[in-house]
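> In order, the protein sequences belong to chains A and Z. Taking the working numbering, the leading residue of the first sequence gets 1, the next gets one more, and so forth. Taking the working numbering, the leading residue of the second sequence gets 1001, the next gets one more, and so forth.
In case anyone wonders, no lab produced these hints; they're calculated from the structure. Keep in mind that a hint or two might mislead.
[Said to hold, decoys possible] Simulated coverage check for chain Z against chain A, where a stretch passes if three residues somewhere in it have a Cβ under 8 Å from a Cβ of chain A:
1. 1149 to 1162
2. 1177 to 1184
3. 1429 to 1437
[Stated by the list, open to error] Computed list of lysine-lysine pairs in DSS-like fashion (alpha-carbon distance at most 30 Å, straight line):
4. K60/A x K1152/Z
5. K1446/Z x K60/A
6. K379/A x K446/A
All residues carry an ideal CB built from backbone N, CA and C; glycine is no exception.
One-letter residues, chain by chain:
Number of protein chains: 2
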Amino acid sequence: MAERLVVIGGDAAGMSAASQARDRRGPDDLRIVAFEKGGHASYSACGIPYLVGGEVTDVKDLITRRPEVFRDELAIDLRLDSEVVEIDLGRRAVSVRDHQGGGPYWEPFDQLVVATGAVPSRPDLPGADAEGVYGVQTLDDGIALLRALEEKPRRAVVIGAGYIGLEMAEALVRRGLKVSLIDAAEQPMSTLDPDMGALVADALRGLGVEVFLGERIEGFAESGGLVTAALTENRTLPADLVVLGLGTRPNSALAEASGIPVGETSGIRTDRRMRTPVEGVWAAGDCVETFHLVSQRPVAIALGTHANKQGRAAGINIGGGYATFPGVIGTAVSKICEYEVARTGLTTAGAAEAGFETAEEIVESTTRAGYYPGARQIKIKMIADRRTGRLLGAQIVGQEGAAKRIDALAVAIWHEMTVEDMTGLDLSYAPPFAPVWDPVLIAARKAAKRVDQLNRED
Amino acid sequence: MAERLVVIGGDAAGMSAASQARDRRGPDDLRIVAFEKGGHASYSACGIPYLVGGEVTDVKDLITRRPEVFRDELAIDLRLDSEVVEIDLGRRAVSVRDHQGGGPYWEPFDQLVVATGAVPSRPDLPGADAEGVYGVQTLDDGIALLRALEEKPRRAVVIGAGYIGLEMAEALVRRGLKVSLIDAAEQPMSTLDPDMGALVADALRGLGVEVFLGERIEGFAESGGLVTAALTENRTLPADLVVLGLGTRPNSALAEASGIPVGETSGIRTDRRMRTPVEGVWAAGDCVETFHLVSQRPVAIALGTHANKQGRAAGINIGGGYATFPGVIGTAVSKICEYEVARTGLTTAGAAEAGFETAEEIVESTTRAGYYPGARQIKIKMIADRRTGRLLGAQIVGQEGAAKRIDALAVAIWHEMTVEDMTGLDLSYAPPFAPVWDPVLIAARKAAKRVDQLNRED
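Just chain A, with the same shape it has in the complex (with noise of 0.2 Å):
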């Protein structure tokens, strides 16, 4: 009799790890059943902003797989609004919600991929629940909002200042919206250290957003049920629409309730094949706990990157191949109007977490040479061992062409390189691409002298 894989999500994640499984093992040997509670499967959630600013047209583009290609041509029985609502590890089955009126029911598994993604933080306060309030965690959320468009709504509050506020603050200017963005914290984008965060919220006002740092939101007007305003500690901002892009945690709530365990992250524990510390379970994607290789602590990082590594390695061991997820040191990028921001490894302040002290430079050069047409500005911030002068992490703000630089810098921090190390590197150079002194050298030069002389002082 064929083992039965039951796969609990069918975005990246879970649908990775279900094709892989698939491609190893033919439907004889292996029966597939995905469930998805929504009604989407196997989509690009990092591209729901572009959709809601216009850049991307049709939602059909945003999916990568239709259910029928998973359906017809890779025998996985995808089940599209599914709910799965609770793990028998005991009895090796799952209940299962069927949004369209049928169930629950039970479906038994010898194999589980637990890839549920993550949940919105949605904060617990008056009016969060009224209409106009969106979150933008699925393709779902998305459908929605561009509907909303259509009302033409004039104000728009947007919350949180990390990467999805600061995407979502942008396609809603790009709608011809009045966008105003509220964060607690004193500079936009947490995953940055305030001074290059700060040079993120210039950029910011640069495009007309009224923008509110360091202050609290407290919660949201409504009349009628509709929102009409969000209420900070300081101030009432009108809204016809607000969007919450506060982060996200790992939706382990399912799995924990079920005995898988879950970290201090409140990720899924796993292995680097993605087992769980259950026989036979295995998750992936933005549920999961990883480790990051530069704090060497566990970290939750919702990522669509991750989430098809980690469900592609789930698959292939599944599938009876042999294969690991390595871990991450954090790298990210985001493009804000002209604007773009990379970051890797660690920040100053995760740095100092860790128990590093740190020997820091940030430089300014540009894209391409100087004389060249096209050269746009670049800010390298590199945060270093200051004894050693490894690179601990590196961040970039800067125009078209900039923020792709952060890839070589990851690569040297998956090394270990020193910043000294690092000013031997043959990167490319022609004047289309960068000035002859690429901006990753000047900035490992002047950190290297920075490590120098702090070393010189002890």
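Place chain Z on chain A using the hints.
Chain Z alone, transformed into the frame defined by chain A:
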């Protein structure tokens, strides 16, 4: 008495060395005289094609530091139009001919930096000295070409399809000329594998350049001393203007004649501190031989970024500090209209020469998420050791946003990463910057699979 430093060559390497030495030792401790045979010092030779093409409109933009800055602010006695014609290591002096009519005179030194750059390969062919046949080595060459364009030439022939030839072909197309390109090789850009070079050939043809590959140049027809056509083994190509882009070789004849050892590449031999085997004599820039970290063989690569790093290292060492140039891995990038071309490490042929058997893959993807506006084509080739999977080389041909990815690949090669290990790299992802699987990761996955297959076959 102050020590006397003489620098031969006033471009990137020489002036970096002089500046760094000055940075650490004042004029009372070190007297610095720099000789430049041309009329300009410290300019971006890499910028010449953009001056000819019109993207850069003012010659001055290519001058990094004006001569007065060296003289007045750095107390460096920079002498333009001054050609060193002999180095006497016994007398420890150089003989200088002043192009304004003075000299020759002897200038003594305690320390000497040879930074004589490269000489263009100029074919020893009938008519090669005719008026209208231009090199593109020095800023003076660029200025001469600009003047020639004022005569409204209609047809140009570019000899050599290396990156300088291609950049010049583009520049002349921009100026409205009908351009033919000739190279004896079967594909342009011999620094790429032929399969990737073929993509560049297609791109050139798309721009309207007439491309003759596998065709040898035999000479030039002239009339009254003026070039009128380029003659290949197969045809006569009428030309009002001929540009020689046949690559360069180290300009080491002066050094060699004096007894400073040159290596098998004809580049001057140095250690990693840029010391030649002759006490007190240093060399840096296009005239030196350096070490290729993957092939572990000597190479001579003329590139501004190496020249700057080597000059800087020499200058720091002369100044009493400690700095090294660790060698190269052959990273390079160039832009031909909307096409971006980059490479690092070894080509297939280079890997074979160095004794490797290889596993290879070419993948095609997009620079951004497929649904995001401005997503462009990118092709990446990876060349790995067939047994260990170690990445030996990578090549990229694509459009906007493609090429700078080579830097992450360069850092991976620098650390002798395997393609399997690379599949786990935490590279940046967001829809405006990459598909959820960055093309680099896709290429690594495919290459790892290929290595796996080959190992199974053994």
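> State the violated hints by number, sorted upward, taking the hints as numbered earlier in the document.
Hint check: 1, 2 and 4 fail, others pass.
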